[in-house]
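Respectively, the protein sequence lines represent chains A and B.
In the working numbering, each residue carries its 1-based index in the first sequence increased by 716.
In the working numbering, each residue carries its 1-based index in the second sequence increased by 37.
By construction, these hints were calculated from the structure, which means they are not laboratory data.
C-beta atoms are modelled at their ideal positions from N, C-alpha and C, and glycine is treated no differently.
Careful: at least some of the hints might be erroneous.
[Stated by the list, open to error] With a straight-line cut-off of 27 Å between C-alpha atoms, the simulated DSS-like cross-links for lysine-lysine are: (1) B:406 / A:858; (2) A:887 / A:858; (3) A:858 / B:372; (4) A:889 / A:869; (5) B:406 / A:869; (6) A:887 / B:77; (7) A:753 / A:727; (8) B:77 / A:727; (9) B:372 / B:406; (10) A:889 / B:372; (11) A:915 / B:77; (12) A:915 / A:858.
[Unchecked claim] Residues from chain B that keep clear of chain A, each with C-beta distances beyond 12 Å, as calculated: (13) 43; (14) 232; (15) 259; (16) 296.
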Amino acid sequence: MRFLLIEDNAKLASAVTERLTLDGHVVDHGPDIASGKDFIATTEYDLILLDIMLPDGDGRDFLEEQRRLQDETPVIVLTARSEVSDRVTVLDLGADDYLTKPFDFSELEARCRAVLRRRGGSGTNQRHIGNLTFDPQAGTLKVGDRTTTLRAKELRLLELFLGAQDQILSKAKLVDRLFSYEEEVSENAIEVYVGRLRKHLDGSPVSIVTVRGLGYRLQVE
Amino acid sequence: MSDKAVITGSIRRRLTFRLLLSSALLAGLLFVIVLNFAEKVAQVSQDNILDASVTSILESATVLDGEISIDIPYAAMAMLGNVSDDRVFYRVTVDGAHLTGYEDLPRSALQANERGRSYDTVDFLGESVRMATASRLLARGQRPIHVTVSVAQTRGGAQETLQEIWRNAVYLGIGFFAVAGALAVAVAQSAIDPLERLAASVSRRGPQDLRPVVAEVPREMAPLVEALNRLIGRLQITLTRSEDFMAEAAHRVRTPLATVRAQAEIALNRMDKPENRASLNDMIHALDESSRAAGQLLDHAMVTFRTDQLEHVPLRPSDLIAETVRRLQPVAGLKDIAITVVAPTDLRVTGDPILIQNALGNLLDNAVKYSPAESDIAVDMWAEDGACHIQVSDQGAGFPKGAGKRLTRRFARGSNSQGTVGSGLGLTIADEVAQAHGGRLELEQNPEGVGACVSLVLPLS
Numbered sequence: 717m718r719f720l721l722i723e724d725n726a727k728l729a730s731a732v733t734e735r736l737t738l739d740g741h742v743v744d745h746g747p748d749i750a751s752g753k754d755f756i757a758t759t760e761y762d763l764i765l766l767d768i769m770l771p772d773g774d775g776r777d778f779l780e781e782q783r784r785l786q787d788e789t790p791v792i793v794l795t796a797r798s799e800v801s802d803r804v805t806v807l808d809l810g811a812d813d814y815l816t817k818p819f820d821f822s823e824l825e826a827r828c829r830a831v832l833r834r835r836g837g838s839g840t841n842q843r844h845i846g847n848l849t850f851d852p853q854a855g856t857l858k859v860g861d862r863t864t865t866l867r868a869k870e871l872r873l874l875e876l877f878l879g880a881q882d883q884i885l886s887k888a889k890l891v892d893r894l895f896s897y898e899e900e901v902s903e904n905a906i907e908v909y910v911g912r913l914r915k916h917l918d919g920s921p922v923s924i925v926t927v928r929g930l931g932y933r934l935q936v937e
Numbered sequence: 038m039s040d041k042a043v044i045t046g047s048i049r050r051r052l053t054f055r056l057l058l059s060s061a062l063l064a065g066l067l068f069v070i071v072l073n074f075a076e077k078v079a080q081v082s083q084d085n086i087l088d089a090s091v092t093s094i095l096e097s098a099t100v101l102d103g104e105i106s107i108d109i110p111y112a113a114m115a116m117l118g119n120v121s122d123d124r125v126f127y128r129v130t131v132d133g134a135h136l137t138g139y140e141d142l143p144r145s146a147l148q149a150n151e152r153g154r155s156y157d158t159v160d161f162l163g164e165s166v167r168m169a170t171a172s173r174l175l176a177r178g179q180r181p182i183h184v185t186v187s188v189a190q191t192r193g194g195a196q197e198t199l200q201e202i203w204r205n206a207v208y209l210g211i212g213f214f215a216v217a218g219a220l221a222v223a224v225a226q227s228a229i230d231p232l233e234r235l236a237a238s239v240s241r242r243g244p245q246d247l248r249p250v251v252a253e254v255p256r257e258m259a260p261l262v263e264a265l266n267r268l269i270g271r272l273q274i275t276l277t278r279s280e281d282f283m284a285e286a287a288h289r290v291r292t293p294l295a296t297v298r299a300q301a302e303i304a305l306n307r308m309d310k311p312e313n314r315a316s317l318n319d320m321i322h323a324l325d326e327s328s329r330a331a332g333q334l335l336d337h338a339m340v341t342f343r344t345d346q347l348e349h350v351p352l353r354p355s356d357l358i359a360e361t362v363r364r365l366q367p368v369a370g371l372k373d374i375a376i377t378v379v380a381p382t383d384l385r386v387t388g389d390p391i392l393i394q395n396a397l398g399n400l401l402d403n404a405v406k407y408s409p410a411e412s413d414i415a416v417d418m419w420a421e422d423g424a425c426h427i428q429v430s431d432q433g434a435g436f437p438k439g440a441g442k443r444l445t446r447r448f449a450r451g452s453n454s455q456g457t458v459g460s461g462l463g464l465t466i467a468d469e470v471a472q473a474h475g476g477r478l479e480l481e482q483n484p485e486g487v488g489a490c491v492s493l494v495l496p497l498s
């Protein structure tokens with residue numbers, strides 16, 4: 717993926733760049749708003765990481781201008797200010813998320829992933845079954861007035877079940893689809909995830925039934 | 038600091054009192070003048086009648102065959118009798134010698150006035166009488182003779198009239214005082230009116246309203262309004278400065294920490310030796326501690342600053358919860374934590390959205406931090422006794438026994454919180470936000486098994 721990092725602190729920028737490059741991303745670094753605009757004019761980015769206090773202006777003004785110009789490139793604001801400091805939050809200005817300095821790289825990555833996943837779908841991928849609403853982009857499952865933010869594995873599992881409605885899915889197949897080769901998991905782990913998913917689905921017309929000896933099947937009442 | 042003013046008297050009361058005092062003095066003066074005037078009028082009218090009586094007696098004096106003859110006309114006494122039941126005395130002297138009437142009637146002490154009349158008030162037979170005296174020259178043979186006539190009348194009738202007038206003058210005085218008093222109260226009120234309008238327009242303002250006062254005021258109050266506006270201006274500058282200062286301080290502290298942390302993490306990635314990795318991990322942990330403390334301290338300062346001038350916006354807590362959960366979801370995802378929210382969308386509270394969200398953020402952040410991997414966090418909201426309860430429960434270690442409210446104090450941390458990055462300010466901030474909104478923070482053990490359970494209770498609007 718291609719990132720644009722607009723950050724005036726050179727040392728922080730190089731550390732972030734190094735880390736993201738290590739993960740296989742391409743990072744362009746602009747030390748101020750002007751250079752950031754130059755980069756945007758020539759290249760299309762998947763995500764912009766934007767500092768707020770920049771030598772040639774306020775990152776929020778840049779963000780506002782981008783949104784006004786209909787540039788919908790996802791933006792994560794890296795700020796040293798806390799959310800309480802500002803009467804208008806960066807989210808109100810059109811940022812997808814923000815991260816308070818100093819930050820954890822794993823949190824930065826998690827937030828990038830979450831933003832890209834949200835932005836990836838058009839938002840129409842929601843599934844409605846009775847009182848159940850499943851939003852794979854947001855990773856949420858809503859049953860009645862109970863909203864659950866699903867764990868990554870639960871999300872994948874539900875997607876698998878909903879994609880293969882009324883089909884029997886064996887534990888082995890589920891392990892295969894949920895875990896990578898490096899992960900050593902027993903088929904019992906699947907039982908744990910199915911158990912949790914059942915709890916989340918409680919009260920909805922959707923249930924996961926056990927087919928003895930064969931695996932599981934998603935059933936809609 | 039007390040915001041009570043030191044009160045010394047009241048302008049309205051002082052003004053009313055002074056105006057009432059003036060009207061009382063004026064009423065008294067009016068009373069005295071009326072009484073004086075009435076007394077004079079009564080005197081003059083009695084004098085006139087006495088005068089007429091004296092004149093008619095004098096007119097009747099003639100010289101017949103060298104003798105003085107006085108035929109006192111009936112009218113001379115009747116005109117006096119008509120006025121009242123007062124007793125009447127008279128005396129006629131010829132060249133100083135008594136001729137007829139009451140000989141003891143005192144002689145006039147006064148010189149005859151230009152018309153040859155004099156009036157006296159004298160005591161006679163134990164009563165105060167008014168006496169008119171006049172004389173006339175008659176020719177008896179070759180020699181002129183002086184005939185002097187005095188007519189006196191007791192003053193009962195005049196006194197009665199005076200008393201009547203006195204009573205009326207008292208009524209007049211009281212009436213005048215009453216009308217003037219009512220006017221005084223009205224005048225005092227109308228003088229106070231612009232002051233009260235100004236006070237109302239200032240006190241009606243919201244805490245955030247730092248615009249200059251533009252109320253229309255009389256010229257005398259202009260310096261006060263100008264001084265007030267200058268004060269508001271200075272306050273605004275100070276507030277903006279302290280806000281800027283806190284933001285700037287946060288920036289100055291956090292940016293270098295971010296650099297150090299990022300570099301440390303990079304170094305950790307390149308490091309293979311376990312003992313080096315351990316020290317780098319410790320370093321990162323310490324960095325997190327200090328940056329968290331710095332951040333929370335500044336947040337705490339900002340929360341205190343904002344609660345001083347609390348915004349009151351109608352809010353839907355379910356939206357704030359959804360937003361907070363959405364923000365924390367990537368962090369929760371790192372620990373494979375699922376967050377379940379049950380929040381009815383029909384509840385409303387009034388308050389500062391950023392503060393309430395910050396309080397919720399602190400509660401959820403705590404829950405994520407202290408929860409073991411792959412656990413569940415539940416956020417429940419319900420209405421109870423006119424309050425909106427927002428409960429965050431986790432499956433972590435919970436609060437140490439008996440810690441209770443102590444944990445909402447600044448920098449207080451649970452005895453079982455070692456190893457987790459924290460500043461001891463999260464619950465303090467949440468508690469202060471709750472109290473600023475007229476609510477409270479409740480800490481208890483998760484009733485469904487292990488873990489902590491924190492409730493933010495806010496009054497429903």
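These are the hints, each one checked on the structure:
| no. | hint | in the structure |
| --- | --- | --- |
| 1 | B:406 / A:858 | 25 Å, holds |
| 2 | A:887 / A:858 | 26 Å, holds |
| 3 | A:858 / B:372 | 21 Å, holds |
| 4 | A:889 / A:869 | 14 Å, holds |
| 5 | B:406 / A:869 | 20 Å, holds |
| 6 | A:887 / B:77 | 129 Å, violated |
| 7 | A:753 / A:727 | 21 Å, holds |
| 8 | B:77 / A:727 | 110 Å, violated |
| 9 | B:372 / B:406 | 9 Å, holds |
| 10 | A:889 / B:372 | 25 Å, holds |
| 11 | A:915 / B:77 | 112 Å, violated |
| 12 | A:915 / A:858 | 12 Å, holds |
| 13 | 43 | 36 Å, holds |
| 14 | 232 | 34 Å, holds |
| 15 | 259 | 33 Å, holds |
| 16 | 296 | 4 Å, violated |
Checked against the numbered hints given earlier, the structure breaks hints 6, 8, 11 and 16 and satisfies all the rest.
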